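There are 2 protein chains.
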Amino acid sequence: MEAEKDHSNTGIVGRIWLRLKSAIGNSITGVSTVVRDVIKVGKDDPRRAVHSFKVGLALTLVSLIYYYQPLYTNFGATAMWAVMTVVVVFEFSVGATLSKGLNRGLATLLAGALGVGAHHLACLSGKIGEPILLSFFVFLQAVATTFMRFFPEIKARYDYGMLIFILTFSLVSVSGYRYDEILTMAHRRFSTIFIGGATCVIISIVVCPVWAGEDLHNLIALNMEKLGSFLEGFGDEFFRTSADTDWDTAEKRKCLRGYKSVLGSKSAEETLANFARWEPSHGEFRFRHPWKQYLELGALTRECAYRIEALDGYLNVNVQVPAVAREKIEGACREVSSEAAKALKEMAVSVRTMTRQAALADTDHLLVDCHGAVKDLKALLKASQWKETDLLAAVPLFTVTSLLIDVVECTEKIAESVQELSSLANFREVDPTSSPEKPAPLAGRKTKASKPDVECPHPHVVVPVHDMTLENGRASYPAE
Amino acid sequence: MEAEKDHSNTGIVGRIWLRLKSAIGNSITGVSTVVRDVIKVGKDDPRRAVHSFKVGLALTLVSLIYYYQPLYTNFGATAMWAVMTVVVVFEFSVGATLSKGLNRGLATLLAGALGVGAHHLACLSGKIGEPILLSFFVFLQAVATTFMRFFPEIKARYDYGMLIFILTFSLVSVSGYRYDEILTMAHRRFSTIFIGGATCVIISIVVCPVWAGEDLHNLIALNMEKLGSFLEGFGDEFFRTSADTDWDTAEKRKCLRGYKSVLGSKSAEETLANFARWEPSHGEFRFRHPWKQYLELGALTRECAYRIEALDGYLNVNVQVPAVAREKIEGACREVSSEAAKALKEMAVSVRTMTRQAALADTDHLLVDCHGAVKDLKALLKASQWKETDLLAAVPLFTVTSLLIDVVECTEKIAESVQELSSLANFREVDPTSSPEKPAPLAGRKTKASKPDVECPHPHVVVPVHDMTLENGRASYPAE
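So the protein lines, in turn, are chains A and B.
Going by full-length UniProt numbering, 465 is the number at position 465 of the first sequence; the sequence numbering is gapless.
Going by full-length UniProt numbering, 110 is the number at position 110 of the second sequence; the sequence numbering is gapless.
One chain only, chain A, in its complex shape (with noise of 0.2 Å):
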């Protein structure tokens, strides 16, 4: 009996020790996971934890004017806006902040006029008319500045200045209802505004600026190179012989595959150019960069992204293709792809440094091994050799190959677009003393230049993962 108590009574601190000991375990779990979390977020990009830190600043800045009694005896309760402001209004980059700042300060302008001067009007038609009148100004700004903002045009660069321009001018003439200093509220909402944007703007630029225009600069650039990897590894994924294990292949095509996010990143790249043609000169780019001719880089980028994305469907099917239709290609199609990645890869770096090789003026240059690979391959497939060969089971070889020939045409295309992106931003002209004849190899240049975060163990097979450009200018930038 005694036994029987004494064991329920460590039961019960045992079970209670045991709950205690999961619950701190759970909470530890918790805690590890949300910590791993939060390094995996700022590792990944560490611009972050310091955009974190400017609005912290910014915030804390413009806070100031609560404490400091002569700011305070100045703007009083508006204070507010300007803390507001800047919660709004400090972006990822200095082309978001700048865009949102100059819509917000300059939609508080004209609207605030505007309202000022609808205020006016309803006053003049007495007590009773002037609710009435109001209400009417109020709802038909609203009904046309909110239909305004379906344009694609205005949706795209000014979408927030309508939206601060409704809020305004309701605000504000809906106001004078009730204050008489309607003068003075309008100009202390300018005030403030101003104070509360500026601040973000100055400390944006100041403080460790992310420029929109050089994610973008990097983003273009590193899809190209992603494609310059996938056809770098593709020859030997393609052709391999089945001694590789499983685990080998599985890392080696996840590597391959870091094209994949090119094949979205349209959004990122408008979004990115949008604020980047609000950012002033910087570095090695001026005001009026071509950001356009990046976009349309990126379009050609995609769309041999597209071309990748069929060829890849013939690494995932497991493809039998007879070994004598195979040795006989096998070399001519090795050679297509690791021309056509070389020269993917050197114009990324073109882009990436803004260099161009004097010895690689005219695209044809560039372009010459792989031309001549193509015609090899060309060649083969003309030969008469192929008539003992059973053609459905070499039909996916051939396709290989007519798609490895896209490929090369769709590069063709991009190296025109970056011809005229290096003549139209004034790419530095390197002439390589070395070897004239032919480019020197630039992988010195490349290393310095790519800063791959993640290096795949195929020796052939580089991806950078440096994808946070993408992912921030999908996220980091929404249009408040």
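If you're looking for bench data, these hints aren't it; they were derived computationally from the structure.
Quick caveat: nothing in here was measured; it's all calculated off a predicted structure.
Heads up, some of the hints might be wrong.
[Said to hold, decoys possible] Dumping the calculated DSSO-like pairs for lysine-lysine here, alpha-carbon to alpha-carbon at most 27 Å:
| hint | chain 1 | residue 1 | chain 2 | residue 2 |
| --- | --- | --- | --- | --- |
| 1 | A | 155 | B | 43 |
| 2 | B | 155 | B | 292 |
| 3 | A | 292 | A | 266 |
| 4 | A | 254 | B | 266 |
Starting from the known structure of chain A, fit chain B onto it as the hints suggest.
Here is chain B on its own, set in the frame of chain A:
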């Protein structure tokens, strides 16, 4: 002399008249351009005009707080928060409005409470310590919350709430330094925001609601239909004789290329799905409708579109297919293409109308004709009748064949996904009593359901350019 003066006089009057005329002409042209644009934007999606009126209505209703004395006595100047909320929260779709309204409301409640707490804590540290401690709190929460906004899961659903959290916490805690009635302020802020948010939500649900879920549903079906339209016309276009005029070709191609929008519809789909999750049960859509499955179906459709993009490349190039090879394979290729088109269009109708034919219960049945066609094509390739053919010239033909087979494979995957969707979303079963063996022709139901806005002159190609769904998805739901 007089004649000359007279002439110069007429000259001045004439010139003024000419300038005036050209100015009037210019402004008339300008106005007519604007009017045309307005009509176009409104016609593209009449819901835009309705949305504008809804915003005007909500704003006018909320501004009544200012005019109606009893209400104004209650809220005072904080009434402007209600106006502000309406401007910022009212979005195009119910889901977006609900998402922003709930985010704003909950974040205000939470941050208000924390702000009051921070204020009381800071008060304990005396007159000098208070601003220092307050600044520290504001800085800390701004840094932490801004950083949290970079987490992808938070970004997707609660980004706006995070923004409002920073805003409200800063406002409430900092204002506390100047006002003693901080609780009243926090309370008023919450009430006015609640009034504004509720007005938006109610109007957006009651007056001609725009459901993001429905838009997503239609977009997914439309995308499948577009792929179907391409495949339907592909056979004619690829194997066309040179008898067609160039104009015809250009026009047809434009119609065929409706599928291009599918390539970039990922972000629109994700945005719509994100908003759809917030929407209550409406029409045939339950609260927990399987929106994730739509995203999966959309991804598969896009994968198919990538293959089709590669196919489209073979329409661009002036491929000189040898007549012998062509004749052999043309029939089978056309068959595969049109069977895949039929399957895609039938699935599109099935999704759009949320029905499934009893006869189509398993995917194999739906694609049975398709598989037959592929088999025929493969048999043709296997035959040894190709020995005399110039292989190089026939390579494009083989590639098209191979890509068509790929497309059929993608279609199979799409069919499986549609199948899964139909069971998850409980599609109504329709039993075609007329012919239980073969599915009844869906033409009648299709015209009712799909409402194509533009009919191409090509008898085979019907491309409904009801594209505003996509545009709205990307453009009208910014995460403000």
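To see whether the hints hold, each was checked on the structure:
The hinted pair formed by residue 155/A and residue 43/B meets the criterion: a straight-line CA distance of about 17 Å does not exceed 27 Å. With a C-alpha separation of about 18 Å, the suggested pair residue 155/B and residue 292/B falls inside the 27 Å cut-off, and the hint holds. Of the supplied pair hints, the one linking residue 292/A and residue 266/A holds, its CA atoms being roughly 13 Å apart against a limit of 27 Å. Restraint check: the Cα-Cα separation between residue 254/A and residue 266/B comes to about 21 Å, which is no more than 27 Å; the hinted pair holds.
When each numbered hint is compared with the structure, no violation occurs for any of them.
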